[in-house]
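Asks: Okay, here's what each chain looks like letter by letter:
There are 2 protein chains.
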Amino acid sequence: MIERIINIEMKNFKHPKTSRQEALRLILDRSRFQSRVEILPVREALGRVTAQEVLAVNTLPNSPVSRMDGIAIKFANLSGELSNSCNWRYGADYVFCNTGVGIPGDFDTVILIEDVEIDETGELRILSIPQAGQYIRPAGEIMRAGDVLVPEYSCLSPLHLGLLSTGGADEIPVLSKPRVAVLPTGNELVPVGSKPPRGKTVESNGIMMEAQIKIMGGEPHLYPIIRDDPNELVKALRDALAWADMVILNGGSSKGTDDRALEVLETVGEILVYEMNSGPGKHTTLTIAGSKPIVGTVGPTIGAVYAMEWFVRPLICKYLFQPMIEPERLKVKLLDDIPAAMEFAWLEVRQINGFYAAKQIGRLAPLSRQLQSNATLIMSKESKGYKAGEIAEVELRCADLAALNSPLAKAGVLERISQRIKPDRLSQSF
Amino acid sequence: MIERIINIEMKNFKHPKTSRQEALRLILDRSRFQSRVEILPVREALGRVTAQEVLAVNTLPNSPVSRMDGIAIKFANLSGELSNSCNWRYGADYVFCNTGVGIPGDFDTVILIEDVEIDETGELRILSIPQAGQYIRPAGEIMRAGDVLVPEYSCLSPLHLGLLSTGGADEIPVLSKPRVAVLPTGNELVPVGSKPPRGKTVESNGIMMEAQIKIMGGEPHLYPIIRDDPNELVKALRDALAWADMVILNGGSSKGTDDRALEVLETVGEILVYEMNSGPGKHTTLTIAGSKPIVGTVGPTIGAVYAMEWFVRPLICKYLFQPMIEPERLKVKLLDDIPAAMEFAWLEVRQINGFYAAKQIGRLAPLSRQLQSNATLIMSKESKGYKAGEIAEVELRCADLAALNSPLAKAGVLERISQRIKPDRLSQSF
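Protein sequence lines, in the order shown, are assigned to chains Z and X. 79 is the number of the first residue of the first sequence in the working numbering; add one for each residue after it. 79 is the number of the first residue of the second sequence in the working numbering; add one for each residue after it.
A few of these clues could be false.
The list treats identical chains as interchangeable, and a pair is accepted whether it falls inside one copy or across any two copies.
[Unchecked claim] Calculated cross-link-like contacts (lysine-lysine; reagent style DSBU-like; alpha-carbon spacing at most 35 Å): (1) Lys-465 / Lys-92; (2) Lys-459 / Lys-437; (3) Lys-152 / Lys-437; (4) Lys-411 / Lys-92; (5) Lys-409 / Lys-437; (6) Lys-462 / Lys-313; (7) Lys-396 / Lys-409; (8) Lys-465 / Lys-152; (9) Lys-152 / Lys-313; (10) Lys-152 / Lys-360; (11) Lys-396 / Lys-273; (12) Lys-313 / Lys-437; (13) Lys-437 / Lys-465; (14) Lys-152 / Lys-409; (15) Lys-273 / Lys-411; (16) Lys-465 / Lys-313; (17) Lys-152 / Lys-411; (18) Lys-409 / Lys-465; (19) Lys-313 / Lys-411; (20) Lys-396 / Lys-465; (21) Lys-152 / Lys-92; (22) Lys-273 / Lys-465; (23) Lys-95 / Lys-273; (24) Lys-411 / Lys-465; (25) Lys-409 / Lys-273.
For the record, the hints were derived by calculation from the structure and aren't laboratory data.
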């Protein structure tokens, strides 16, 4: 009893509250990753990040090839006239040539198949005078041995895989995926697959986070549920820190009697952020252990989702040398009052009659309804709240919708464009 | 020789030319898929599509739980006064309660931990009068057994996996991935990993398409290179059609002497589209064999990429009951002349000083440069071409940028919104 009371007293002590932007800056600043490299066959490297630039081994085409389907001739034989071609012999004076196929010997000009006639005896009639050298693709036009095929730190798309294969780069060095340990904690939790007894619930944040980490490009390791016992928690954290590049401690971050996260985190590292100055996920903590970040996420799913998006994703991007991706923003018309005291609201945005309208999804709505949210309104400290009918700028939600391997998966086209907004990314040639 | 000539004559016969929109309509119309279903653990179902709605097994919370960290009391004991609480005993008159944790017995009201003081002897002081029943989450508020957690044909995100796990749905029926056979053809090709002899090149479209199919949600099977021999091609196509839901025949679609695709396709099915009325990928063919589509793609990579995007992606969407995704469009300022005769242009779009500018990437540029394209200008039959400085609407390129498992992967937020443009998708409640 007494120990519990002292524990509560300690937790009621006012910790500094940190803004989301400042919190991210702090943890990115203090995290230092030792990126590992592995060699992969190109065919298995989809979505991986190159550890160095990859050079072409092949020169292609490796001899002149035809750009079109037609016949190849020796231009000098034409002597300005078409009529002489009727005596030409196949093989010596002309050959068929197909698009992309090498042209033999000293043939040097291609005539489109539509521009010739060949009768049953093999007699050739050329219907229009070609230009010398036309429709010939010179050797090396596609690539030359030694060309940079893909720069370092490129995230590999299907087209990259094709390009690398063409270039003869069959195995390439890529950054290993950052290892992310997920530690679910809480005496109230039972594992997935078991029926929760009275007062208990299922530990499902872990499975969600595991999937998020995969999408973000990390290698997740999901721990079994850890009881709210400081010794067990410290032991699990030290175990995770020995393997992982970053650790997620889910739950135990609040002020409950069993919430021992802060004292445990102080044992294994330096707490940089005790508490956020606004929700969602107000009790998110950020800790540095050596040079490895620990993101302490709240138990409620919604808060945990945002901590993943706002802190874990940028940390994975840092490990993989990828640019940070800002959430897309959109101006919407609110269909509900949203008082300032709410701090944030989950919204469902739809396009109606050419404008975007947003309906609030209540915090007490069933979880399946909450999943229909596709945007968040985050209010600044100065905001006076919103009335129905007002326009607000919202953040579109991304990560949890990004289902890999799926027809919905659509790429960072806009990101690729917006990355180039930064002047330092504008190449001289543009 | 003679056989070749007759072959060319046949190919020079003018086939009807079909627009991209009409071609897509034809092939979607005639393709009938027998979707298969498999049972998967939720943890392995990221990005998969539910084959039926999934219901909650659990009711959660399964007893009243606290919404906040605090103490639970029996409201009736308060009798309107705060002073009487000093004699309350822990366990009988109040208990600690943590967020999300079940409240025992007949406790019915929660007071925030910040609103109480407990001294070293365990004496309780309540600092503000609570409302009866406050901060109690009733049983079933998160979900009730029998609730629909996820509707049928939902593409599963990380949040879905969490929701399904919470609801006790540990194994779920999902649509099997559509099987897509990729048949690379061409005498000029050597397999990946071998050095191309003079006049030959590497078969790399297959590896690219395999990756694209994975991103689109299909299960690819990449065949070894098939020689330009009608008997071998027919044999391979029949083999592929026995296993696959759809087939991609890459190469052989042009008018070269070795291009036997059309005669082969006529042997195994009914050709719906012999030729497109515009590039890229003008010689793309569409064939129906029984009820299975065969997409004949051109050999050059750029044309093949578009055929994948324009025909294979919608076919996979149809199999998986997913909405078609229209490419994003963007108004850009062209930095180069683009004459109408080009039919289409590959562009690199960047944001400069608040507007989007597009530089053309020449068709003869090295392949690594062509990969930097992020948009396409497709000109209509009526277009008179563009001069530098004019504004044009372009299609942003998507699929090949969508690298799975990657920091760049970003979801279909805008798609989710734009799908809702259609009135039939607007729910009554909105």
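Asks: Which of the listed hints are broken here?
Replies: 3, 4, 6, 8, 9, 11, 12, 14, 15, 16, 17, 19, 20, 22, 23 and 25
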